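Trainee: Letter by letter, the chains look like this.
There are 2 protein chains.
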Amino acid sequence: MANSTNRQILLVEKPTGKLSTDHFKMAEAAIPEPKDGEVLLRVRYISLDAANRAWMHGATYRSAVEANTVMAGGGIAEVVSSKAPGFAAGDIVFGDTGWQEYAAVPAKHLSKMPRIEPMTHLLSVYGIAGLTAYFGLLHVGQPKAGETVVVSAAAGSVGSIVGQIAKIKGCHVVGIAGGKAKCDWLKSDLGFDATVDYKDGAAFKALRAAAPKGIDVYFDNVGGDILEACIAQMNLRGRIACCGAISQYDGVPSATGPRGVPGLIVVKRLIMQGFIVMDYMDQRDQALKDLQSWVAAGKLKVQEDVIAGLENTPQALIGLLAGENRGKRMIKL
Amino acid sequence: MANSTNRQILLVEKPTGKLSTDHFKMAEAAIPEPKDGEVLLRVRYISLDAANRAWMHGATYRSAVEANTVMAGGGIAEVVSSKAPGFAAGDIVFGDTGWQEYAAVPAKHLSKMPRIEPMTHLLSVYGIAGLTAYFGLLHVGQPKAGETVVVSAAAGSVGSIVGQIAKIKGCHVVGIAGGKAKCDWLKSDLGFDATVDYKDGAAFKALRAAAPKGIDVYFDNVGGDILEACIAQMNLRGRIACCGAISQYDGVPSATGPRGVPGLIVVKRLIMQGFIVMDYMDQRDQALKDLQSWVAAGKLKVQEDVIAGLENTPQALIGLLAGENRGKRMIKL
Chain A
1 MANSTNRQIL LVEKPTGKLS TDHFKMAEAA IPEPKDGEVL LRVRYISLDA ANRAWMHGAT
61 YRSAVEANTV MAGGGIAEVV SSKAPGFAAG DIVFGDTGWQ EYAAVPAKHL SKMPRIEPMT
121 HLLSVYGIAG LTAYFGLLHV GQPKAGETVV VSAAAGSVGS IVGQIAKIKG CHVVGIAGGK
181 AKCDWLKSDL GFDATVDYKD GAAFKALRAA APKGIDVYFD NVGGDILEAC IAQMNLRGRI
241 ACCGAISQYD GVPSATGPRG VPGLIVVKRL IMQGFIVMDY MDQRDQALKD LQSWVAAGKL
301 KVQEDVIAGL ENTPQALIGL LAGENRGKRM IKL
Chain B
1 MANSTNRQIL LVEKPTGKLS TDHFKMAEAA IPEPKDGEVL LRVRYISLDA ANRAWMHGAT
61 YRSAVEANTV MAGGGIAEVV SSKAPGFAAG DIVFGDTGWQ EYAAVPAKHL SKMPRIEPMT
121 HLLSVYGIAG LTAYFGLLHV GQPKAGETVV VSAAAGSVGS IVGQIAKIKG CHVVGIAGGK
181 AKCDWLKSDL GFDATVDYKD GAAFKALRAA APKGIDVYFD NVGGDILEAC IAQMNLRGRI
241 ACCGAISQYD GVPSATGPRG VPGLIVVKRL IMQGFIVMDY MDQRDQALKD LQSWVAAGKL
301 KVQEDVIAGL ENTPQALIGL LAGENRGKRM IKL
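These protein sequence lines map, in sequence, to chains A and B.
Mapped onto the numbering used here, the consecutive letters of the first sequence carry residue numbers 1 to 333.
Mapped onto the numbering used here, the consecutive letters of the second sequence carry residue numbers 1 to 333.
There could be a bad hint or two in this list.
The list makes no distinction among identical chains, and a pair is therefore deemed to hold if it is satisfied within one copy or across any two copies.
List of simulated lysine to any residue pairs, SDA-like, C-alpha gap at most 25 Å [to be verified]:
id : residue 1 : residue 2
1  : 108       : 91
2  : 205       : 256
3  : 213       : 58
4  : 35        : 113
5  : 144       : 280
6  : 144       : 269
For the record, the hints were derived by calculation from the structure and aren't laboratory data.
A quick note: this is a predicted structure, and the numbers were derived from the prediction, not measured.
Construct all of the structure, not just a fragment, from the sequences and the given hints.
Mentor: In structure tokens:
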């Protein structure tokens, strides 16, 4: 440790409308001393997730983030020193490190990670993103070969993996993404069968063309109008895996929900099910085994969007909420 | 057969707004001759259901009803003569007889019913209403003893049975109904633990008071604002059985859905599942056995609202959509 200061990014104010860099500021603190049961970490990569923004609205599956504290966020870190059994200097862990260079975190909130190269894969395909895609698609969506699977935010960290797993399972795969470049990439590089560019206007019609037999499984990352369009095109006994609602996070939450709820849910006997990946952690080993075998076989391509520098974290999150990234976005410290 | 005419009620125009008696007219036709494979029926009781109104909007789980035809509707009827194997004069059947005194119906669309007294129970507790309550609550909602079950349209044909089955299963049962008289009846006669009078204004707060531990299972018959209020008060891993949306049927379908979809679905890991009773007919025998044993033991009270006279059918449906009935409404011919 050459320096003795801990650079941090604080959330100075909770946004009521759109998130901007003014809601954050850089600060410096002393490197913390771990207490008994804690581990001192040096953060290597900070994960950027749409959920970071949702946490600012209030308690979700975790408590809300508060103003004038270090912004919360998951990260991959190296253990510097440990006052907890089971952790030693040099170990690689995943946990809520927050947006800072060093963190002292209770050991019970950390997951020890295997040494995998590149280490970034621990945040993408073998991290929350990959596991969310795996469990949400296979356990909630339960696609069968030959069925049509639609995924929104398809070029994002989760969506890009959902679509590829659905292809591995023999489905007709449609990705919804913003812009021609992303759509072309989904088809040419990731093997999606068809795409819908939601920025192009006529998403409903484009979806009909891309999924001519209707939708059996919709993996929803966005909520809002796209969810509404998909509900209208679901087949009988279709399944909607509700993973997130990125269209709703950055701004004032919507005063209404999608049309067709509950009318079409009844008529088509749909299942809409929310999930979060933590609920499936007892089955993580099997999931990682499958994901590793698909990556090794070249069936699952890993796309990462790594940005250097702690100071760029706020802008990187804002860009992610605007759909800038392709694959898993993270900050390298 | 003393007379030779068949009195019928035609739907003369599909409503665009609220349904009124002007949308119907009485007519007379000859009693039909059954063709090969058909059965001639004399209708005894016509079932009135909120779904009758939904059919006017377009195809649902059945084709839409069309203007200038006999209004569709389920009924209990007696076989007059049969040109189909397996059916004989005097048999009692259930089928889509339509709103008329006589109907010739293909045998494959009829279910032979046991001789039960009173025969009206074949439309209420042992008919679609009772089976819908049974399968929707137990198979979709899956309540556990000690959980809180909320049901809307609780004084209606399905809701009144849902609440009583939930009590049999050891749940804390809350009924949502319109008006103090219905609410009092649900508590004093049917054993509901608490009620919410949605006509009283502050339904959200009243629901909070009636279900202080939150909602584990919501059996939704109404959609709209009540569904929205329930979603907001669901517990983690709660289940919403989507049975119908009576608040949406009589008028122009709503341009929006309930707030909280999909945000709260994700955060609370809810399951919303639509169902229709026909999907469970292979398990009907077990359901009827259970329902009969509960009725015999006095644990399940059967409430029926029988109105005499074919000519009163339109007004009876309009009244049902306005929440006039208590228990299963039907027309006696």
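Trainee: Now, for every hint given, state plainly whether the structure supports it.
Mentor: Now for the hints, and whether the structure bears them out:
1. In this assembly of identical chains, the alpha carbons of residue 108 and residue 91 lie at most 25 Å apart only when taken from the same copy (15 Å versus 69 Å across copies).
2. Both within a single protomer and between protomers do residue 205 and residue 256 lie at most 25 Å apart by alpha-carbon distance, with minima of 23 Å and 20 Å respectively.
3. Proximity of residue 213 and residue 58 under a CA criterion of 25 Å is satisfied inter-copy only: 20 Å between copies versus 40 Å inside one chain copy.
4. Taking the shortest Cα distances, residue 35 and residue 113 sit within 25 Å of each other inside one copy (22 Å), while across copies they are farther apart (73 Å).
5. Within a single copy, residue 144 and residue 280 get their C-alpha atoms as close as 21 Å, and across copies as close as 22 Å, so both meet the 25 Å cut-off.
6. When the C-alpha separation of residue 144 and residue 269 is checked against a cutoff of 25 Å, the pair qualifies both within a copy, at 17 Å, and between copies, at 23 Å.
Hint compliance for this structure: every hint is met.
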